[in-house]
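Given next are the chains, with one letter for each unit.
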Amino acid sequence: MIYAPAPQPASDSVSISAHANESVRAVSSHVRPSEARYKFRQRYFSPDQGQTTIRLYDYPEVVVDVSNFSFELDAWGIHMPCAEIHDLPRQICRRFMTLWGKAVRRSQSDDEAAAWLSILDRVDYSEFTAQRAEPRTLEGVLLRKQPFFYVEWSDDSRTKLTSKVGAALNLLDPGELFTARVKIGRDEQILAVSGVVPLGPKEDVMAEAFADWSRKDSGEAAEEGNAAWRQPS
Amino acid sequence: MAEMVGRKFYESPPVVERAVSIFATIDPETYEKQIPAWEALMRDPFPDYEPVTQWKLNVKQQQDGAPIFDPSSAEIIIHHRFWRKSPQGKRRWCIQVRPERLTVNLVRVDDDGRKFEEISDVIASWLPRWVETFKVDKLHGVKIEYVNVISARVTPQFVTKEGGIRISDVFRLFSGVPMVHEGLAPPYECQMTIVCDKKLPCYLTVHVFGSEYAGQPAIQIRFSAWTNTLKKILAFPELADEVAFAHSKIVEAFENLFTPEAKKSFSPQ
Numbered sequence: 001m002i003y004a005p006a007p008q009p010a011s012d013s014v015s016i017s018a019h020a021n022e023s024v025r026a027v028s029s030h031v032r033p034s035e036a037r038y039k040f041r042q043r044y045f046s047p048d049q050g051q052t053t054i055r056l057y058d059y060p061e062v063v064v065d066v067s068n069f070s071f072e073l074d075a076w077g078i079h080m081p082c083a084e085i086h087d088l089p090r091q092i093c094r095r096f097m098t099l100w101g102k103a104v105r106r107s108q109s110d111d112e113a114a115a116w117l118s119i120l121d122r123v124d125y126s127e128f129t130a131q132r133a134e135p136r137t138l139e140g141v142l143l144r145k146q147p148f149f150y151v152e153w154s155d156d157s158r159t160k161l162t163s164k165v166g167a168a169l170n171l172l173d174p175g176e177l178f179t180a181r182v183k184i185g186r187d188e189q190i191l192a193v194s195g196v197v198p199l200g201p202k203e204d205v206m207a208e209a210f211a212d213w214s215r216k217d218s219g220e221a222a223e224e225g226n227a228a229w230r231q232p233s
Numbered sequence: 001m002a003e004m005v006g007r008k009f010y011e012s013p014p015v016v017e018r019a020v021s022i023f024a025t026i027d028p029e030t031y032e033k034q035i036p037a038w039e040a041l042m043r044d045p046f047p048d049y050e051p052v053t054q055w056k057l058n059v060k061q062q063q064d065g066a067p068i069f070d071p072s073s074a075e076i077i078i079h080h081r082f083w084r085k086s087p088q089g090k091r092r093w094c095i096q097v098r099p100e101r102l103t104v105n106l107v108r109v110d111d112d113g114r115k116f117e118e119i120s121d122v123i124a125s126w127l128p129r130w131v132e133t134f135k136v137d138k139l140h141g142v143k144i145e146y147v148n149v150i151s152a153r154v155t156p157q158f159v160t161k162e163g164g165i166r167i168s169d170v171f172r173l174f175s176g177v178p179m180v181h182e183g184l185a186p187p188y189e190c191q192m193t194i195v196c197d198k199k200l201p202c203y204l205t206v207h208v209f210g211s212e213y214a215g216q217p218a219i220q221i222r223f224s225a226w227t228n229t230l231k232k233i234l235a236f237p238e239l240a241d242e243v244a245f246a247h248s249k250i251v252e253a254f255e256n257l258f259t260p261e262a263k264k265s266f267s268p269q
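Sequence order for the protein chains is A and B.
So in the working numbering the end of the first sequence lands on 233, straight run, no missing numbers.
So in the working numbering the end of the second sequence lands on 269, straight run, no missing numbers.
Each hint should be verified, as a subset may be incorrect.
Claimed, not checked - Result set (BS3-like, lysine-lysine): computed pairs, CA atoms no more than 30 Å apart in a straight line:
no. : chain 1 : residue 1 : chain 2 : residue 2
1   : B       : K138      : B       : K90
2   : B       : K135      : A       : K39
3   : B       : K33       : B       : K138
4   : B       : K33       : B       : K56
5   : B       : K138      : A       : K160
6   : B       : K8        : B       : K231
7   : B       : K138      : A       : K164
8   : A       : K145      : B       : K8
9   : B       : K161      : B       : K85
10  : B       : K8        : B       : K135
11  : B       : K231      : B       : K33
12  : B       : K33       : A       : K183
13  : B       : K8        : B       : K198
14  : B       : K85       : A       : K39
15  : A       : K183      : A       : K160
16  : B       : K199      : A       : K39
17  : B       : K33       : A       : K102
18  : A       : K164      : B       : K161
19  : B       : K161      : B       : K199
20  : B       : K198      : A       : K39
21  : A       : K39       : B       : K56
22  : A       : K164      : A       : K202
23  : B       : K8        : B       : K60
24  : B       : K115      : B       : K90
25  : B       : K135      : A       : K160
26  : A       : K145      : A       : K160
27  : B       : K115      : B       : K264
28  : B       : K135      : A       : K164
29  : B       : K232      : B       : K198
30  : B       : K161      : B       : K263
31  : A       : K102      : A       : K183
32  : A       : K39       : B       : K33
33  : B       : K33       : A       : K160
34  : B       : K115      : B       : K8
35  : B       : K115      : B       : K33
36  : B       : K135      : A       : K183
What the hints assert, rightly or not - FRET-style restraints, in silico, Cβ to Cβ:
no. : chain 1 : residue 1 : chain 2 : residue 2 : range
37  : A       : A10       : B       : G176      : 28 to 38 Å
38  : B       : R84       : A       : D87       : 14 to 24 Å
39  : B       : D48       : A       : E203      : 55 to 65 Å
None of these hints come from the bench; they were simulated from the model.
As the structure is a computational prediction, the values presented were derived from the model and not from experiment.
We put the CB at the ideal spot given by N, CA and C, even for glycine.
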């Protein structure tokens, strides 16, 4: 009994090729192409093992020069032999970071500036800069830990944190004021919290702060009053 | 699920490679974004990184019937292989990641005998990390491949002085020719897919073809048992049983398709 074909997934063997049947059929054309264009199926690149991401809006296009089997990455100014195309992700990171560094130092040549503008049209630069930004020191109150971490910041905004991000706040008690180093990404999304320093229950901290103000206020008011009393009319 | 054939162990089977693949749905953006993180995970235990470039072309027919290259769908894809070498410096273990699967390969180095359970242990160790890294939530099945080689290097007992391979003494499929003949010459390639279980589903492909191994003429006998389809959702607790079932079909093929003479020469333990 012969059934309909069962689509078999391609072989994953690494040691010996079994693709004896696969071949590229002959191309018949009266015009020999000078170049061939391919989409390079990768849009995310990272120069630092995933800490920062260079995200392209679309898959980049590789233009192969069939006369010498080299290729150019369209609009990036990268030229390489086809045999080394597996190194293209690293070269994209190098090109981007080199031009970015020169842009920061304001040391780009005219050609480099033009290339950088071309690359910026293709890259989500705001995401990159948000990831590169240093963490900020913020103050907040931990409102609750269960069922999720919920924080009120000093600007009165409130944020629900994922369990992974909020785990750094686990040493706090609910209602406790704290400072922390907070890494903020795009759309004000909190990416990481570190360096948490408990300041104590909010009421106690506020009471102490107001007590200081009261002491200062009463002292200064008395001085002002005395000064005014002494002023000639 | 019970194995149909009792499993035997052999001291020197003709297996030169075992591969187990787990199929899943992975969000394409997540896959691309997480590759650097996966590379970082692999760096110490599987330090030998090998990127493999796949050039995908499409050829279409013009109206006059002449085939031409279709530039609109040409792609380049980089696949990632991470190797661990043997103490002798040869590539032995490989973990491959692709947009829709994780594969673990165990390659024979010289004459060292390996067992399938070693792959299972590696999968048990790395599967959770793969699931977490690539946010896998749907599995679709498994595939197990065994690559057997008949050659002067692996099975000298079946190679004549003139270098010919006595395939009919080794394998019961695709080797007997019911007519008078003096031998077989290349091209030699035969393939068959057996339906093992329509419901699961599970298929077994037997692929026999002339090849090369270690620079010598060889015949490859490949067994591939697979259970994956896109429509199927496999729960994580069911994965081990599915792997075991697919492996049992490989074992069955090995026991039933190699000749008794061949199996005896593989030194059953």
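Hint by hint, here is what the structure shows:
1. K138(B) <-> K90(B): violated, 35 Å
2. K135(B) <-> K39(A): holds, 26 Å
3. K33(B) <-> K138(B): With Cα atoms ~19 Å apart, K33(B) and K138(B) stay inside 30 Å; holds.
4. K33(B) <-> K56(B): Given that 30 Å is the threshold and the Cα spacing comes to 22 Å, the pair holds.
5. K138(B) <-> K160(A): holds, 28 Å
6. K8(B) <-> K231(B): Judged against 30 Å, a Cα distance of about 34 Å means the pair is violated.
7. K138(B) <-> K164(A): With Cα atoms ~23 Å apart, K138(B) and K164(A) stay inside 30 Å; holds.
8. K145(A) <-> K8(B): violated, 56 Å
9. K161(B) <-> K85(B): violated, 34 Å
10. K8(B) <-> K135(B): Violated, at roughly 38 Å.
11. K231(B) <-> K33(B): Distance ~26 Å between K231(B) and K33(B) Cα, so the pair holds.
12. K33(B) <-> K183(A): Distance of about 19 Å is within 30 Å: holds.
13. K8(B) <-> K198(B): Roughly 27 Å separates the two Cα atoms, so the pair holds.
14. K85(B) <-> K39(A): violated, 33 Å
15. K183(A) <-> K160(A): holds, 15 Å
16. K199(B) <-> K39(A): violated, 39 Å
17. K33(B) <-> K102(A): Answer holds: K33(B) to K102(A) is near 26 Å, not above 30 Å.
18. K164(A) <-> K161(B): violated, 66 Å
19. K161(B) <-> K199(B): Between K161(B) and K199(B) the Cα gap is close to 48 Å, so the pair fails against 30 Å, i.e. violated.
20. K198(B) <-> K39(A): violated, 38 Å
21. K39(A) <-> K56(B): holds, 10 Å
22. K164(A) <-> K202(A): Holds, at roughly 24 Å.
23. K8(B) <-> K60(B): violated, 50 Å
24. K115(B) <-> K90(B): Holds. K115(B) to K90(B) sits at ~18 Å (cutoff 30 Å).
25. K135(B) <-> K160(A): Between K135(B) and K160(A) the Cα gap is close to 22 Å, so the pair holds against 30 Å.
26. K145(A) <-> K160(A): With Cα atoms ~10 Å apart, K145(A) and K160(A) stay inside 30 Å; holds.
27. K115(B) <-> K264(B): Distance of about 18 Å is within 30 Å: holds.
28. K135(B) <-> K164(A): holds, 15 Å
29. K232(B) <-> K198(B): holds, 13 Å
30. K161(B) <-> K263(B): holds, 22 Å
31. K102(A) <-> K183(A): With Cα atoms ~25 Å apart, K102(A) and K183(A) stay inside 30 Å; holds.
32. K39(A) <-> K33(B): holds, 18 Å
33. K33(B) <-> K160(A): holds, 25 Å
34. K115(B) <-> K8(B): holds, 11 Å
35. K115(B) <-> K33(B): Violated: K115(B) and K33(B) sit about 35 Å apart, past 30 Å.
36. K135(B) <-> K183(A): The hint holds at about 23 Å.
37. A10(A) <-> G176(B): 28 to 38 Å: Distance hint for A10(A), G176(B) holds at roughly 30 Å.
38. R84(B) <-> D87(A): 14 to 24 Å: holds, 22 Å
39. D48(B) <-> E203(A): 55 to 65 Å: The hinted range 55 to 65 Å holds for D48(B) and E203(A), with Cβ atoms some 59 Å apart.
Checked against the numbered hints given earlier, the structure breaks hints 1, 6, 8, 9, 10, 14, 16, 18, 19, 20, 23, 35 and satisfies all the rest.
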